[in-house]
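Let the sequences and hints guide you as you build the complete structure.
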Amino acid sequence: MSLKRMWSLFMARSLEFIRDRAGFGWNILFPFLLVAAFGIAFGTDAQKQFKAGVFPVTDPKPALETVDIPEALKTDPSVQLVFFKDLDPALEKLRHHKIDILIQSGDDKAAGGVRSTDKTVVRYWVSEASPNGALVEKLVKAAVVPEFFLDGRLHRQAVPGTPVRYIDWLFPGILGMNIMFSAFFGVGYVIVRYRRNGVLKRLKATPVTAFEYLTAQLISRVVVSMTASMVVWAGCHGIFSFQMQGSYLDAAVVFFAGTVCLVSFGLILACRGTNEELTNGIINFICWPMMFLSEVWFSIEGAAGWIKQVAGFLPLTHFLSAARKVINDGATLSQVSEEVMILSVMSLLFLFVGSRLFSWTR
Amino acid sequence: MTLEQLILQVDALEKSYNGRPAVAGISLAISAGTCFGLLGPNGAGKTTAVEMMENILEPDRGRILFKGKDRDRSFKQQVGIQFQQTELMAFLTVEETLKTFASFYEKPMPVNQVMDLCMLEEIGNQRNNRISGGQRQRLLLGLALINDPDLLFLDEPTTGLDPQARQHVWDIIKRARSRGRTTILTTHYMEEAWVLCDTVAIMDKGRIIAQGSPKHLVQIHCADMPPESRNLESVFLALTGKRLRE
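Chains as they are written, first to last, in our numbering: chain B, 1 to 362; chain E, 363 to 608.
Note that these hints are calculated values from the structure, not bench results. Careful, some of the hints might be misleading.
[Claimed, not checked] Once the Cα atoms are required to be at most 20 Å apart in a straight line, the calculated SDA-like pairs of lysine to any residue come out as:
{"id": "1", "chain 1": "E", "residue 1": "LYS469", "chain 2": "B", "residue 2": "PRO207"}
{"id": "2", "chain 1": "E", "residue 1": "LYS469", "chain 2": "B", "residue 2": "THR209"}
{"id": "3", "chain 1": "B", "residue 1": "LYS138", "chain 2": "B", "residue 2": "THR209"}
Here is the structure:
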């Protein structure tokens, strides 16, 4: 093993990445744009998860006191009201899941409404094929129950400790996802391209060994991904003021372990093959399920047991679990030692398999 | 010829792809300090044969000795290779590429000396993805020379070069020979083989069908031809036929 050769290969690959402005820029810009988009999406109207259509209302932005629906629905922070003049276009929107429920304002039969003799009756339409519809229907039902009926039956308690905003929960996921893409495409895809166009064959003709080459690729990508993540973190922190509950050093250790593991996984994808399209397909085939099962965007809490078991085999799951524990919950390194250990074992396994299967030319 | 004078010995080398023989039992003995040419029509098995000698491909059968011994880890320190088709790392400069490759070897030539030898000084700061085809060929030759190899493999090194650049490559090969270095050259240019090679072997259908010095081959195979046709190309066509290949 020659450190001199590894250093040269490390420098060559790192320079390649940094000078490829399009690729480098996208690595920084992509997570930043995602965080920014989610920041906007989950900012001021973050809690408005349900869309309730109300008709007949002629004014697209009416004064709420003129709308005759239960008061609780008008002020419910999770409900966004969308107003329609007539029943038919509103039903069309409901049928296509553009709104989750449709409520009649008052008992005016004009515009297709249904006349009621009882002023307290709230008429609504809901699609049985809409999961959100079933939930917002419960909100409508709750809205007609008088407050005094609930007194003594329910006892509200806030979550102890500092509440975690969705954007704070999401941020480690986006960084992890970006590292995953960077590892798979920046290592897996690039090495397959080098194999196809003969760069690897040229290196095979030199004294460089597969171990030296793969180690240099691994270190280069880890350094580049960690640096890019720090830049994204600093930039996003400046805008969104992320809450960091744990230590930055512990977070760095977790990100290092996670990045090494994902890059090692990328080396397995790169160990054979000369077909870039096939590699692209395989990478996407692995990335997309991993994104969802590893909880990049949403929690899989409550999912079937076998789904959680599958997620347990994915490196990103342990990476994000540890990262969120440190960033969101203030966990120390010893409290995430299990995840770090799993990532380390997986890294060794991936490196062993990747180096055993690696071929310069096939 | 003693074993010490032979730099490469190839014995009964075979290689098949999907049951189809690409190289069907070739044997060669190449003397140190000479230029050996491997000629043949497209698909004759030249590149496969050379890549087995370079240790890029594993032979199915046969033996290859370098300086009288089986090739070991030191083999790659002592050979330089220019492949027929190779891309380079696109965003590195010509000089950085040479420096990177120089770092792979125990005793590399100074990079500026290689740049001077291959006339690369003017494009030293240019990135590999911005140099012309001829410049790229010169850089690939520079990479093959960077370790001052005892044995130089050149697979069609002058393909696509203009006459000036071709002459320049010839000068480099002649200079290497004058310094006691050995070159194994594959080429489709008979004139090139005539000018450069001490010995040529003509391959067809995976076998060596003729071997000797260019003059000797012409004497043997062109004896009945008019004087103006007595050349290596006539030998080549007489042995391999005029039917188009591939």
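- Query: Which hints from the list above does the structure break, by number from lowest to highest?
  - Reply: 3
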